[in-house]
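Undergrad: This is what each chain is made of:
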Amino acid sequence: MHDGFLVHERFRHLKRAVLLSVAVIAVYAYHQPLDEPNGGTWFGYTLGGIGAALILWLMWLGVRKRSYKGAFSLRGWLSAHVYLGLALIVVATLHTGFQFGWNLHTLAYTLMMLVITSGLFGVYAYARYPSLMTHNSEGVSMDELVTRIAEIDRECLAAAQPLPDDMMRHVVDASENCRIGGSVRRLLSGTDPNCGTERAFTTLRDAAANVPSDLGPTVRAVLQLLGRKRVLLRTARTDARVKAMLDIWLFFHIPLSFALLAALVGHVLSVFFYW
Amino acid sequence: MRLHLDTRTNRPGGGVTSRSAEASAETVRLGRGTDNEVQLADPRVPLRAATIHQIPEGIRIEAAGSQTLLVNGALTRIAMLTPGDRVDIGPFQLGVAAATEGFDLSLTIERQEQAGDAEQALRDRSRLTLAECLISKRKLAWVFATIIAVLFIALPLSEQLIGGSDNRAYRKVEARSGGQGYDIVWRSGEMMNEHKYFANDCVACHEKPFQVVADQACTNCHAAVTQHADKKHFSGPNVAGKTCTSCHKEHQGSAPQLVKRQALCVSCHADLKDDAPSTTLLNVSSFVGDHPEFRPTVSVAPESHGWKRISLDQTPRETSNLKFSHKAHADAKKMKWPDGRNEAVKCGFCHQPQVDGGRMIKVEQESKCGVCHRLSFEKTDPKRTVTHGKPDLVARELREYYANRALEGGVEEEAAPLVVRRRPGTAINDAERLEALGWARKKAEDAIAYMFSKSQCGTCHTVTETADGAPTVKPVQLTADWQPKSWFSHRKHEQSKCGSCHATEASESSADVLLPLIATCRKCHADETSQNKVPSPCGSCHLFHQPDLEPVKATKSASKQ
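These protein sequence lines are chains A and B, in that order. The first sequence: position 23 = 22 (numbering that gives the first Met the number 0), numbered continuously. The second sequence: position 415 = 414 (numbering that gives the first Met the number 0), numbered continuously.
Hints in this document: simulated from the structure, not taken from any laboratory. Ideal Cβ positions, reconstructed from N, Cα and C, are used throughout, including at glycine. If a hint is listed, it holds; no wrong ones were tucked in.
Keeping only pairs whose Cα atoms sit at most 16 Å apart, straight-line, the calculated EDC-like set for lysine to aspartate or glutamate is:
{"#": "1", "chain 1": "B", "residue 1": "LYS248", "chain 2": "A", "residue 2": "ASP34"}
{"#": "2", "chain 1": "B", "residue 1": "LYS248", "chain 2": "A", "residue 2": "GLU35"}
{"#": "3", "chain 1": "A", "residue 1": "LYS242", "chain 2": "B", "residue 2": "GLU131"}
{"#": "4", "chain 1": "B", "residue 1": "LYS326", "chain 2": "B", "residue 2": "ASP511"}
{"#": "5", "chain 1": "B", "residue 1": "LYS389", "chain 2": "B", "residue 2": "GLU363"}
{"#": "6", "chain 1": "B", "residue 1": "LYS333", "chain 2": "B", "residue 2": "GLU507"}
{"#": "7", "chain 1": "B", "residue 1": "LYS241", "chain 2": "A", "residue 2": "ASP34"}
{"#": "8", "chain 1": "B", "residue 1": "LYS259", "chain 2": "A", "residue 2": "ASP34"}
Pair by pair, the computed Cβ-Cβ distance ranges are:
{"#": "9", "chain 1": "A", "residue 1": "LEU73", "chain 2": "B", "residue 2": "HIS247", "range": "46 to 56 Å"}
{"#": "10", "chain 1": "B", "residue 1": "PRO276", "chain 2": "A", "residue 2": "LEU18", "range": "39 to 49 Å"}
{"#": "11", "chain 1": "B", "residue 1": "ASP84", "chain 2": "A", "residue 2": "ASP165", "range": "28 to 38 Å"}
{"#": "12", "chain 1": "B", "residue 1": "ARG59", "chain 2": "A", "residue 2": "THR190", "range": "44 to 54 Å"}
The following block holds chain A by itself, in its conformation from the complex (with noise of 0.2 Å):
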């Protein structure tokens, strides 16, 4: 039976976090320091080296996954990478006090926010895409589709030899104006408003009725294998949708997190080197 990454071990993950959470929500309001809450009263030292140690074990994700051996499991690394992750939000805040400013150390803090929010989307992404993806493709790679979609174009422009030049010419544009994806918008939209195909397709239609007779089936046949065309470049696109969007929150998600990083190690630096 799948267990996924968020239901892994009974949500064993997600009651630590929470228990986590609890816990300093509770010491937070039951501590009175004598000025007002801050990063630097001794639960505030606390709630930091805490909310450190979490940040560089989240970040320390990024080597395990690329290990074959661990004691644990990868899908149990990612479980307690989100769940604490997420912890992560209710230790920092309250390790800041509340207070903000325009320096580095709410600079860290944003930055920490941006990965956490980042991070979010990715997990909805892993919930919902992977289903998805094997609904539009059933089963199909994206390989296999290539190759098929190249073997239509083959024997679309053979079927339309007979034809005239013009109509000829757009059968050319669908063959050699047809891609997959090539920019990160056409991607992340799973269509392409340039398509040749589509073009192709569209023409030829509204041009059927005035061929003359002999090259009727000619231009059907062609009609024909460019809707199969079309369809299957529909499947590969929408693979190749849901592949980036799987793909495109890591661009905020990792180098932010190599930002955040670095913005903590100044943090803590200056923290301490204006003690």
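Please build the complex by placing chain B on the supplied structure of chain A, with the hints as guidance.
TA: For chain B alone, kept in the frame of chain A given last:
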């Protein structure tokens, strides 16, 4: 025209295969269509690309329609073909070979590219992953991390470490030359207003890296501030372990952040034996809880300036050597003012708060008591009084007065001798002068006796004798400040009636200490967390340790009368 065709195909493994064909026609047509003598089957080739004619001049090739041909690399519509010429149509390269036996034209046809790379072309055109379209995550991570490390770590750090001794050495609060440094990004909060003028100079307080701000950093400017509690006497951790920054916080906003919370005081005063084993102070941890009954400082021995702290529990009696009945003065029937009206003396007539609204101004005999209790002594000169407060001068003043009257003459008393009743300006002889002086002396003695009787000084004072037998009054010691180490604002309480705290109505003796019990204060005041009474941490009444420290709002500490 007879045509020989030689189609060459490149084999995948290498090598070339050749296929020959022949054709015979009037004109040789080239193109994609199947009706062409030379069929060039590629979508990019028009149905009819060109025609070749045999004309007397030779072999001529002509492009069809409005197209152009590429003959020997040059665009043209018509060309004469000779062996060795090359014509490019679409992906096909046609070579004109040397005419062979029996043929008018010999052509070789080669295809430039493999027909089968449509799939590869599609793959090449496509970009299926974001990684192919975007800068890599790793590179981006490096860029971000480097920017942050440079701006927020390297620059401020290098400025501090490399800036030279000028940057690191303590300077007595001058603004850092060159203005704000890169370490502004490290500032964790707004500075208090009074410190803003050196806000760009972090080193003014943070003297050594990785060391807590030392007391010396503060006392470099605040040199006059002494230790709030003497570390020699208070050697426990609660005092000896404290630094300036234990209570005085910076970077917490524009207002000075001083710890005023009750918990700070209670940390020591809840159990004083740890820090001050020999103290006589009682332990306190909360106002409504275990704050002891007030122990005012009561005058017990005016002659030797003796004071004693006595708890109100014990109904202390003050020895002031002054007699006064509040009750009498509040009785309208008993009080008769100089203008004749019967009106009780109001509290506010005698008692006014000082300028700061705190304690009451010392009651002055001359302006208050003296309105009714005039120190007059001579019926014929009712406005003339003796100086209050200097009993040793009274006798002299009286003697001087009467001597003067005798000397001047014009006394209107019937019983007085003629000499003193003479018209002023009249000369007198020696004997008359002696008589006048004798009168003056007698009058003075009478007046002195009168002054020091129950009717005058004795009304309020206890009359006694000096060592020489001269009349005098016992020294008076009044309290200006029952609780000199605390602070109270009468102005803030002016909405309340005086009598709600001070039980004057029943007080007939000045020995009564008319202070309210702590229970009275507790009717309105409670600890700092209270929501339904006035939250009053320790600092709202008590001064903090330093005897010479100006309390938060009040006057200087006790001045004894």
